[in-house]
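Protein chains in written order, with my numbering: chain L, 635 to 1188; chain B, 52 to 379.
Everything labelled a hint here was simulated from the structure, so no lab data went into it.
Fair warning: there could be bad hints in the mix.
Simulated restraints, written as ranges between beta carbons of each label pair [claimed, not checked]:
{"id": "1", "chain 1": "L", "residue 1": "729", "chain 2": "B", "residue 2": "186", "range": "47 to 55 Å"}
{"id": "2", "chain 1": "L", "residue 1": "823", "chain 2": "B", "residue 2": "206", "range": "49 to 57 Å"}
{"id": "3", "chain 1": "B", "residue 1": "230", "chain 2": "L", "residue 2": "678", "range": "25 to 33 Å"}
We treat Cβ as the ideally placed atom computed from N, Cα and C, and that holds for glycine.
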Amino acid sequence: MRAKQTIRRHGNTAIAIALLTVLILIPVVMVLLRSFTVDRVFHPLNPIRTILEGELAEVLFNSLQLGITVVIFTTVIAAPLAYLTSKTELARARWIDVALLIPFMTPPYIATMGWILFMQPRGVVEEYLPFLSIFQPLFFSFWGVAFVMSLNLYPFIYLVIKNNLIEITGSLEDAGAVHGGSFWYRMRRIILPLLLSGYSMGALLIFVKTLAEFGTPATLGRRVGFYVFTTEIYQYTRMFPIDFARGTALASVLLITCMLIWYVQQLIANKYKYSIVGGRSGGRKMYSLGKFRFLGWAYIGLLLLVSIGVPYWSIITASLLRFWGADITLANITFDHYIELFTPGTLGGSSLWNSVYLSVIAATIAMFLGTFLGVLIVRSRGFLQRFIDSSSLLSNTVPRIVIVVGLILLWNSPWLPATIYNTAAMVAVAYVVAFLPYTVQYVKASYQQIDISLFHAAQVSGAKPGYINRRILFPLIRPGMVSGWIMTFIISVRELVASMMIRPPHIETSATFIFRQFDQGVIPLGMAMAFTTVGITVVVLLIVQGGQKQLGNG
Amino acid sequence: MKASRIVVMVIVLIGLVGVFAFTAGEPEESVVVYSAGPGGLARNIAQGFEEKTGINVDLYQATTGDVLGRLEAEADRPHADVVVLASWPAAFALYQNGWLAQYEPENADKLNEGWNYDNYFFGYSASALGVVYNTNEVDDPGEDWGDFTDGRFRDVVAMPDPAQSGSCLDFVTGYVLNYGDEAWELFETLAANGLEVAGPNRPALDSVVTAANFVVLAGVDYMTYGAMAEGSPVDMFYPESGTVVNPRPAMMTSWSNNPEGAQAFLDYMLSDEAQQFVADEYIIPGRADVAAHPDRVGYADIPVLDLDWDWMAENQGEVLTRFQQIIR
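Please put together the full structure from these sequences, using the hints given.
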C-alpha cells in the first residue's frame, strides 16, 4: 500500500511539474529567449542593445524615476498614518484599516480615471474648487502619475510599517527611556533600525509594483506623454507597427529588474532580522496626542477624502450624467447608462457578462489547480518541492504584462498544430496563470496550520487516504480554497492588461470596455461600467464571506 | 460537514455553467471582421448583415492602430476575413504586404471618384476634418485655418495629436503637400499663439464641448455633428483653403477562410441599407448616389486639398517629426 501511495505521489509531482512548465515557465522563458537572441545567436547584452539602439533609454529612466518617486510618496503618506494607528489612542479606531481596503481594492486604472475627471479642464476642480486649479498643470505631468499611483499603493507600506511598529514592544522603548534617551534618540536608535527590515521589504514591494503597473501609465501617462516599460511593451507588441524585438527586450529588462529586486529583498529580510519577540512580551508603549488629537483625525480624514472620496465621487457623478461635460443638474442626471449595461445584446451588457463568466471559470480552475499544487507542496520535500513552490508562485514576481507577452509568444506560435489562442479560453487561461499564486498561498497557509496529529489519529483509526482527504483535509483547507476563489474572481473581473492583450476579436471584457469608452467613446457609460465592476466585486466578496461564516456556525 | 460539500458543489456548478456558456460561444462559418471607427456604425452594419444573410459576424472593434497591430501579430495564423480601417494609407500598407484580395463588390461603380483602389480596397464611407468651435464662446469663427493666429484665440485653440490621430496626421501631411513652406509658417504661428496639441480625436472634441478650449483645428466632422445632435454647444466649418477627406477603406484578406462570406459582407457594405447606416452617423457615404445626412455638409461642398496618398504615406514620418519639433 505504501508503494502504491509513493507511485501516486510521484505521479502527482510529475503532473504538477508538467502543468507549471507549460503554463508558466515556457512562456517566461520564451520572452527571455526572444530578446536575448538575434538571428539565433545568443548574446547576454542583446536586450540592452535593442533598448539603446531603439532610443528606449528614456523609457527605462522614466520607469525608475517613477518607482523611486512612488516609494517616497507612499512612505511620506503612510508613515504618519501607521504611527497614529499603532502608537497613539487612534489605534482604537479599527475601521481605518477596513476603510484602507477600498483604495487597495480599486483597480488603479479606475482610480486614475476618477482623478482625471476630477482635475481635467472644466472638470470638478474648475467648476467647484477653483482655488485648486493651480495644481492642474502639475497633475497633468509626471507628478500626477506618481501621485495617483501612490494613492493606490500606500496601504501596502502602511500595513508593513504598522505591523512592525506593533511588534516593537514597549519594554524596548522603556529601556531606552530609562537610560536617558530622549524621544528622538529612541526613534533614531531603536525604532528606526527595527523598522528598517520591514520597511525595506515594503519599499521594494512598492517599487516592483510601480514598475509592473499598467493601468495608471496607460490612462494618465499616455495622455501626458510619459511612457514607461509597461505602456511601451503594450505599444510594441500590440499596436501598429509591431516590433517584438523591442517589446521583448523591454519585457526582459523589466523581468530581470523585478527578479533582482525580489532577490535583494530576500537578502535584506534574512540579514536584518532582529528577534524582538522574546518570551515575555510587554505591552505596546502608547503616546497620547492630547490636544493635538484633532490634527491626527484631520490627517486621516484628508487622506481618506483624497484616496477614496475624490475618485469615487468623480466616477459616480460622471456615470449619472447624460453626456460628459454637462452641468450637474437634475435634468442631466440619468440611469440610462446603468440600464444599458444590464440590457442583454448591448455591447456593455455582453462585456460585463464576458468578464463575469470568464472570471468564474478562471477562479474555479485556479481554485482546483491551486489546491492541488498547495497540498502537494506541503506534503513533499526537497528539490522538487522547492521547484513546484517557486514556479507556482512565479506569477507573483513576474510582472503580469511579461507573462502575457510570454503567453502570446507560446500560444500564437506558428509551429503549434492547434491552439486556443484567439478564443475565449485563452483569456481564462491567462487569468488562471496570472492569479494562481493566491490560491496556492492560501491553501498552503491553511494546510500548514493543521495539526499533524489529526492525520495520525485518522490513520490509527484505520481511515484510508481518500477518506482522510475528504473528511479532514478538505474541510480544514476549505477557507483557503474559498479565499483563493474570491481573490481570483475579484482580480480577474477587472483585469485590464491581460484582457486587452489577449482578448479574441469578438470578446470584450468590462475592463477593455471601460478603457475604450474613456479613451474614445462615451465617458459616462464607461464610468457606469467602472462602478458596476467594483460593485460586483464587493457584492461577491460579501456573499461568499457571509456564506462562509454561516457554514462555519452551522 | 454537509455544508462544506454544498459550498464545493455550488462552486463546481457555477463553473460548469460557465464552461457551457463559453463552449457554446463560437459557431462555425462566421465572417471575422476587424473594424476601426465608430463602434455604433460597425455594430449596425454587422447586425444588418447578419439579419439579411443569416451569416454570423465575429466583430473585433478597435482603433486603426489596434486593428493593424492585431493583423500583424497574427500574421502567422491569420484570422480576419474582412478589415475595415479609418485611414486610407493604412490600407495601402496592407496591400503592399500582399494581404489583400481583389474583389469588385456590387455597386462599386457608384462609389465616389477615386475611392476604389483597383478593387483591393474601397472607401465605403469618409470623414472630413474641419474647424470645430464652441458656439457659446466664439461668435465669429472666421473662414480659414489662418484665422486662429491672432490674440483673440490665444491659448484656446487645440488640435489632436497627429501621433495619436491618423486623420490629423493626414491633414498635416496633406496641408504641407499643398502649401509647402506656407503650411509650416502657419503651424509655427499657431504654436506661437499657444496651440495645444494633445490626445486622440475624441478628447480634443470634448475639450471644446466643455469649453476647456474654444476651437479645435482638424476636428473630425461626424463626431462634431453627433455632439451637435446631442445638444452640445458646438459647430464647425470647412476652411476654404482646403481640408482632408479621408475615405475609410474596407477590404477582404487574401487568406480568408470564408471568401464567399467576406464578399457578401463587402457587397452589403455598399448596399442601400448599410450606406444609410453610414449617413445616419453623419459620416459621408461612400456611394455618390446616397445622400449625406441632411444636417451636414455634403461631400461635393467640402473644399478638398489635392491629395497624393503615395507621397503622403512616404513623407508622413518626416512631416510628423518636424511638426513635433515646432510644437515642443
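(request) Kindly indicate which numbered hints from before are broken by the structure, ordering the numbers from low to high. (result) 3
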